[in-house]
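2 protein chains.
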Amino acid sequence: MKLRAKDLDISSGGPLIAVLNGKDAALLDLHVMDRIKIKKGAKIETVVVDIAQGKIVPQGKVGIFEEVIGSLKLRNNDEVEISIARKPLSLDYIKKKLDGIKLSKKEIDQIVWDIVHNKLSQVELAYFVAACYTNVMSTEETILLTKSMVEHGDMLKLKRYPVIDKHSIGGIPGNRTTLVIVPIIAAAGFTMPKTSSRSITSPAGTADTMEVLANVVFPIKKMKEIIMKTNGCIIWGGALNLAPADDKIIAVERPLEIDAESQLLASIMAKKHSVSSTHILIDIPSGKDAKVKNKIEALRLKKEFEKIGKRLKKHVRVLITDGSQPIGNGIGPALEARDVLWLLKRDPRRPVDLEKKCLVMCSEIFDLLGVKGGYKKALDILNSGNAYRKMVEIIKAQNGREVAAEDIKIGKYSFDAVSAKSGRVIDIDNIIISRIARIAGAPHDKGSGLYLYKHIGDQVRKGDKLFTIYSESEHEFEYARDFAKKNKGFLVR
Amino acid sequence: MKLRAKDLDISSGGPLIAVLNGKDAALLDLHVMDRIKIKKGAKIETVVVDIAQGKIVPQGKVGIFEEVIGSLKLRNNDEVEISIARKPLSLDYIKKKLDGIKLSKKEIDQIVWDIVHNKLSQVELAYFVAACYTNVMSTEETILLTKSMVEHGDMLKLKRYPVIDKHSIGGIPGNRTTLVIVPIIAAAGFTMPKTSSRSITSPAGTADTMEVLANVVFPIKKMKEIIMKTNGCIIWGGALNLAPADDKIIAVERPLEIDAESQLLASIMAKKHSVSSTHILIDIPSGKDAKVKNKIEALRLKKEFEKIGKRLKKHVRVLITDGSQPIGNGIGPALEARDVLWLLKRDPRRPVDLEKKCLVMCSEIFDLLGVKGGYKKALDILNSGNAYRKMVEIIKAQNGREVAAEDIKIGKYSFDAVSAKSGRVIDIDNIIISRIARIAGAPHDKGSGLYLYKHIGDQVRKGDKLFTIYSESEHEFEYARDFAKKNKGFLVR
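From first to last, the protein sequence lines stand for chains G and B.
Heads up: take any position in the first sequence, counting from 1, add 884, and you land on our numbering.
Heads up: take any position in the second sequence, counting from 1, add 884, and you land on our numbering.
Careful, some of the hints might be misleading.
Identical copies go unnamed one by one, so any copy, or any two together, can satisfy a pair.
As the list claims (entries may be wrong) - Calculated lysine-lysine pairs in the DSSO-like style (CA-CA distance at most 27 Å, straight line):
id, residue 1, residue 2
1, K1031, K1106
2, K945, K890
3, K939, K890
4, K939, K924
5, K1132, K971
6, K1132, K939
7, K1132, K979
8, K980, K1132
9, K1186, K1132
10, K957, K939
11, K1372, K886
12, K1369, K1293
These are calculated hints, taken from the structure and not from any lab test.
Note that the structure is a prediction, hence the values are computed from the model and not measured.
With the hints as constraints, model all of the structure from the sequences given.
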């Protein structure tokens, strides 16, 4: 059937979708969520069907979502050929997994291929997540999923040994350890090709914070050059197409806050595997507002990481850390970057909790590499200024320039949240702190966020500053201030 | 936050959805699939958020899907107040079920309430279906689900005893037993308040076929009047708000063709329960192209129906029937209605397979009611013309008029599909037969469909007619003819 394309100017956020008029759909006996092939010239794409009863898609037209416009290079009113397409094979395999049957390599590969190529609708992806969540994947399957995610994407191949990597499981505001650990390890002469994420629901991802200091978007070839030159890098993984299935899965996990463990494991290990790492440190912050809620869960996850690591022939060390409160003082890209520079430059204003955590993590990495006295070695590298110099080297290699911590631009609108009473800080709510920073504009406005003066256990007097909100925009500032007046996230007793 | 409504002229097909501009979403720290409350005057509705990055929803506006436009009686550019809403409680319960934990009455009620009120997105509904599919509901839970579906909807209360109902599980083209059984049972003096469905993926639902002869859309009050007058009715259930959660669940089951058994049971029994039925016959056609694929599955389902029936204090009889081929000759609303009138009027052209099945089913119903010699009794009612007279009575009560079978309008475009060789009909593919009828225009064009001349076991000679396609529209006719030239659905050997 020949139809005219109508650009709907709507994005699905992933899945390939086209909208048919009800009458055209009847001619092809198509229903919502069926598949069609859309052919334009030599280009062809299989997409999921939606059906319009209203006037948005008249008969003879096919409404096209942005993802398909891009993939087929369509323009408004282009003629396209529509035909019925089979359902993706992977739907049978997802059903199989729902039925509790183990999946083979071929089946997992097909599912990952369909995910990477946007062949599954969000409902179908949800069934996959649910299947893996209720019928927990075996270690075998998780390894197959990990490898498949790596294979269906690009790989960074490095002719070096060892290659070090680290990962912190999220949920803790601040916690910008990567920006301290990479320069320490690289300054010690080891290779650390670190890719990081941008924020999805937090005030800043490591990539957002690094972007305050340098460029973080590079093709894989340039990434390799930076590493060969400096031993390290801190680059946004999202632009690299390393294990790309992962992000699409995460999107449908949100509504129920499901973390299918096999997918969490596979997704993290796949990212590590795809940069050829050989020695990996995993940091599991555990606490009531963290992703991992308690010690028991953390210990179980630790065992799984170790098991998968062994099977993938990687040296894996897992650290369970305190996830009860923000780590560092700055929350938001610029404020976190300033913390990091203060720390590397040994400025008295540096956050001691972040420094301590980074030193412990470096010590574990050195130990994993067979280097004795790692804690002292890491501290020496920091104190000697070698870590700072290495960081400047990496920043420059990533097209940034050396900048003083004081020159980092912080939002001009500010508000001090003060304690309503005297006492001791009993609890800080990670979720509320993140929310205030996000409403203030983080991460999309780099200079927005907040700066903490107190951590758990600190004494405060009535009227003492707990934190300062910073914002680049007056409008967002007012929202954040009003929110913080009602919800400070601090429990003082 | 105050925003201006923008009518997007898009329907979600159920879930309540609004689209925010990315910047407004950031101010409220909202993500895709979060919830907001939209307030206009005294009306308030909680909806799921989508986020637009393009120009379709500019800052300061909120894009509104048709369902929300209707619910809030919004007009373009109306000012509305947006605020953050909590996630529906039922998400926690769905997660619980995914974790394999039994649900309580309160939890099931909450889930059904949220489904009925369109509070769940399709992804979230998919998680519920997946949860009930993998962690099969206990009989206890299925009964709670059944009752909850009934309570969250209207009920037909009849001060009569017994009240008879029947249900045929779908997937078989034709099979229009209801239109024969209701007049027989009603003519025998029993009450049978039958609600039926329209087609979703088949060429006709019982309601579509009855609509050729009478009106099928009535409010519940009028339905009661019809029953009090004639003992029976054949009305579309979709307009009645009886156990409405059901249809919404079915929509997300399609992509994976999942039938969570507990939901199938609950959904059927809820519809029966909501019309106060006391004696219920369930027909399970079993065959490779039917919904129930084999005898073992059918037997298991039969046991479950009996168990649930007992617990709901209903007399339930379950019949496993032949689902290997279409039942009757006409496929499509008008062609099926003609078959039914021929059958009731004892016309020699009546379909004998359909007649036999209806007599067997009536005999089971009579037996369930303690009436002996039911098969003969049903046949007598047919032969005496009482069943036909009762049907005319019901048709008139439903605002129809008596019509001769020959006067039913059949599509004017027709094509004879003939056998390419001589031999015996070994197999008829239900799916292909349905598809041809649908492409020809059924059910939306009542006169479209096809008429079968042969059933399994019949002898054919090369060139004999297998079926005739009828269509009301030339365009659809051509599509159906071309499809049938390639796929006849008949295996002759």
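Consistency of the hints with the structure:
1. K1031 <-> K1106: Result: close within a single copy only, 24 Å intra versus 63 Å inter.
2. K945 <-> K890: both (6 Å within a copy, 23 Å between copies)
3. K939 <-> K890: Classified as both; 12 Å inside a copy, 15 Å across copies.
4. K939 <-> K924: The answer is both: 24 Å in one copy and 25 Å across copies each meet 27 Å.
5. K1132 <-> K971: Classified as both: same-chain Cα gap 19 Å, cross-chain 22 Å, threshold 27 Å.
6. K1132 <-> K939: between (31 Å within a copy, 24 Å between copies)
7. K1132 <-> K979: both (19 Å within a copy, 20 Å between copies)
8. K980 <-> K1132: Answer is both; intra-copy 21 Å and inter-copy 24 Å each pass.
9. K1186 <-> K1132: within (25 Å within a copy, 41 Å between copies)
10. K957 <-> K939: Cα proximity of K957 and K939: in one copy and across copies (25 Å, 19 Å).
11. K1372 <-> K886: between (59 Å within a copy, 25 Å between copies)
12. K1369 <-> K1293: For K1369 and K1293, only the intra-copy Cα distance (25 Å) is at most 27 Å; the inter-copy one is 72 Å.
The structure is consistent with each of the numbered hints, conforming to all of them.
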